[in-house]
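Student: Okay, here's what each chain looks like letter by letter:
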Amino acid sequence: MKKVLIQLDTDPQPSAFDSIVALDADVDALLRYGGVSAEAAPEIVRDAFFTRGPGELATIAVWVGGSNVPAGEAVLAAVQGAFFGPFRVSAMLDSNGANTTAATAVAKLAAVRELAGAPAVVVGLGAVGVRSATLLAREGCEVTVAAIPASRFGDDYRTPRGLAVAREMGLDPVEPASEEELEELLDGAAVVLAAGPAGVQVLSREVWSTNPTIELLADYNATEPPGLEGVEAGDDLVEREGKLVLGAIAIGGRKMKVHKACLRRLFESNEEILEVDGVYEIARQVV
Amino acid sequence: MKKVLIQLDTDPQPSAFDSIVALDADVDALLRYGGVSAEAAPEIVRDAFFTRGPGELATIAVWVGGSNVPAGEAVLAAVQGAFFGPFRVSAMLDSNGANTTAATAVAKLAAVRELAGAPAVVVGLGAVGVRSATLLAREGCEVTVAAIPASRFGDDYRTPRGLAVAREMGLDPVEPASEEELEELLDGAAVVLAAGPAGVQVLSREVWSTNPTIELLADYNATEPPGLEGVEAGDDLVEREGKLVLGAIAIGGRKMKVHKACLRRLFESNEEILEVDGVYEIARQVV
Amino acid sequence: MKKVLIQLDTDPQPSAFDSIVALDADVDALLRYGGVSAEAAPEIVRDAFFTRGPGELATIAVWVGGSNVPAGEAVLAAVQGAFFGPFRVSAMLDSNGANTTAATAVAKLAAVRELAGAPAVVVGLGAVGVRSATLLAREGCEVTVAAIPASRFGDDYRTPRGLAVAREMGLDPVEPASEEELEELLDGAAVVLAAGPAGVQVLSREVWSTNPTIELLADYNATEPPGLEGVEAGDDLVEREGKLVLGAIAIGGRKMKVHKACLRRLFESNEEILEVDGVYEIARQVV
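Quick note, the sequences are listed as chains A, B and C, same order.
Numbering-wise (the numbering used here), the first sequence opens with residue 1 and increments by one.
Numbering-wise (the numbering used here), the second sequence opens with residue 1 and increments by one.
Numbering-wise (the numbering used here), the third sequence opens with residue 1 and increments by one.
What the hints contain is simulated information worked out from the structure, not anything from laboratory work.
Watch out, some of these pointers could steer you wrong.
For chains that are exact copies, the list does not tell them apart, and a pair is met inside one copy or across any two.
What the hints assert, rightly or not - Calculated cross-link-like contacts (lysine to aspartate or glutamate; reagent style EDC-like; alpha-carbon spacing at most 20 Å):
(1) Lys260 - Glu239
(2) Lys257 - Asp47
(3) Lys260 - Asp47
(4) Lys2 - Asp187
(5) Lys257 - Glu56
(6) Lys2 - Asp24
(7) Lys2 - Asp47
(8) Lys3 - Glu239
(9) Lys257 - Asp277
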């Protein structure tokens, strides 16, 4: 019986990336949907649960992707709302790659240092930043989540939405008014994650290299300039300025393994719902 | 050479149900199209007939589905209009699952009782009801097709469209003004099919159980409450109140086998056109 | 690792023809996109380059098709614009089948006669005509490209767009005002290609059969009436009226082999870009 992945994408065209990775994770058939809303999702998936017997529903799974994380969350919730007794399938959310990316980075950090009790600062309130903060908190870090100071942009990245999302996730984000205020937040930090958008330098080398307590740094930005000045995208927990640093390509390479492991997990039962926590559990095993 | 099914769906998103069943019936590749109109269909299929030699066109077939039966019928007709000499492929219509569902139910009834000459009443003028009535008539039943009394709804289900469609199919539908009038229609009936919409009880247990002539009852409604009070969806021609009753899940399970048998038939030649009659012939063999 | 073809179609629905031929050329998985614009194309393909290592990108390719050749050219350019260092894949343009069709016909002519120095006339300024003229010129023909005289239509086929496209391709198209002027253009021609639209007779038998210098004729029109009166679509370089003639079905059959050979070529490296020249090189080997 062919393993079927129903790919629900909230963008107009379904992601080729998600499709190819699914094929590489042994999915036999893709049913690809673009422009999927939470309203339309139940209609798309509901009948599928009746094509195979309840004992065979581990052969069907739902993938939710796209560039809009809240839209993806709403689609995943709508899919779960269509479950009916034993008529349910495993499903995973990875809009914007945020779950697999954050889970991979934090798992890599957790593999080299005990995180419980460690003061951590995540700079950047995008989907990856918020998820990273959530995972660090679950590992026992004392997490500070900070918006990027407006002076770093000149744009509106540090939006109310990022703050609201962080608060919904149980975080208490702070808004440093200046780079000096951001620097003060790093006082005593052991772990620092730069989760800014492409093209924005979050911290200068001067700032992070002279901080005496920082031990671990990670940067999610794969394009030039890096979010952490002086960190190379390929740095895979190498030592720079006396600290262990992790670059975006080193995260991204391992993320592919996590992504595929998650897909395979979906087909082990019809009851798996993989959001950030479930993905992280798998990342801890794979990384 | 891969068996290719061109799936034309009149709904915006192509049905995952139809796709998965096709894969389970050994289709190798699906070319899925949503939002297909009769105007667009010939353009989609025409070139496909020239990809493989005329002697190899049994390896390509067209499936027409979606929730709108008249739209599906128009698409199937448009596909046939694009045939050009030997450049043609087999095609099937199963919008709303109506053909496979009605064919399966009637075939199951025909397997346990000679239908020729039997008075039959179909209550409900949806696609499944109308097709069931057509098939019962072909088996020689004296068929009465009745709308569901408005008192059962409070809505407009008993629409002019249902009446018009039934008339186009050569049936002479009646509109009972009350439940008493509907009950009178059952006088002398041997076979009764409830083909109402989800959530509408078509007949009370009191009505069908006290009717002295009814021998066979079938209910297409899989959700609570059943269309026939007291019938369980899983009833597979079991005896209740001295009558043989057939529930929606018992129909649905067997429908899956009919559906797959039809798909396999499409790939036996390039000349099969499966509408209600062709599907019924297959159902009689499979059920 | 599955061979994946990302099919970008500029028409609303992706071509079933292109999909089936790809499957027949051993593509394992199709990612089909309809309604693709040059603006949207980079977004669709970019991430795909990061799913597999740079050393494995020969397993992914991009196909650009649809009925609009300039739109297809823009999409192909946009795809190439998304390449990033080693992160690139092979790609091919065959909007309207124009590249494979013109390349096949010219390759068949080149196989039976030395074309260098031969006077050639292409009648018709559609995509296939313009590409044929380009290829004949590259083979060393003295090419005249002519619009079809308006008297043959009564419509606006001989549009400014056709003239403009021909000029952009470095050709110098002429516009015969009458059939007599067209006939004069054939004086001294050795090779004549009729590249008119379906249903338009480009030259009467009288005209081409009495011309003393014409040796080779080809007609791209597969439907009645033929573009060259008296030529049968199946004529595969057979002699008629003392000339070798090539009909549309004889071209089309061989075109399928060229089309599949091109697809296979795409998966031999991640650096092939097949437009008319690249397709022609393959056609010379296959025909």
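Student: Are the hints correct? Go through all of them and say.
Tutor: Taking the hints in turn, this is what the structure says about them:
no.	hint	in the structure
1	Lys260 - Glu239	neither (29 Å within a copy, 51 Å between copies)
2	Lys257 - Asp47	between (31 Å within a copy, 16 Å between copies)
3	Lys260 - Asp47	between (26 Å within a copy, 16 Å between copies)
4	Lys2 - Asp187	neither (54 Å within a copy, 50 Å between copies)
5	Lys257 - Glu56	between (26 Å within a copy, 16 Å between copies)
6	Lys2 - Asp24	both (15 Å within a copy, 8 Å between copies)
7	Lys2 - Asp47	within (17 Å within a copy, 26 Å between copies)
8	Lys3 - Glu239	neither (43 Å within a copy, 39 Å between copies)
9	Lys257 - Asp277	within (17 Å within a copy, 40 Å between copies)
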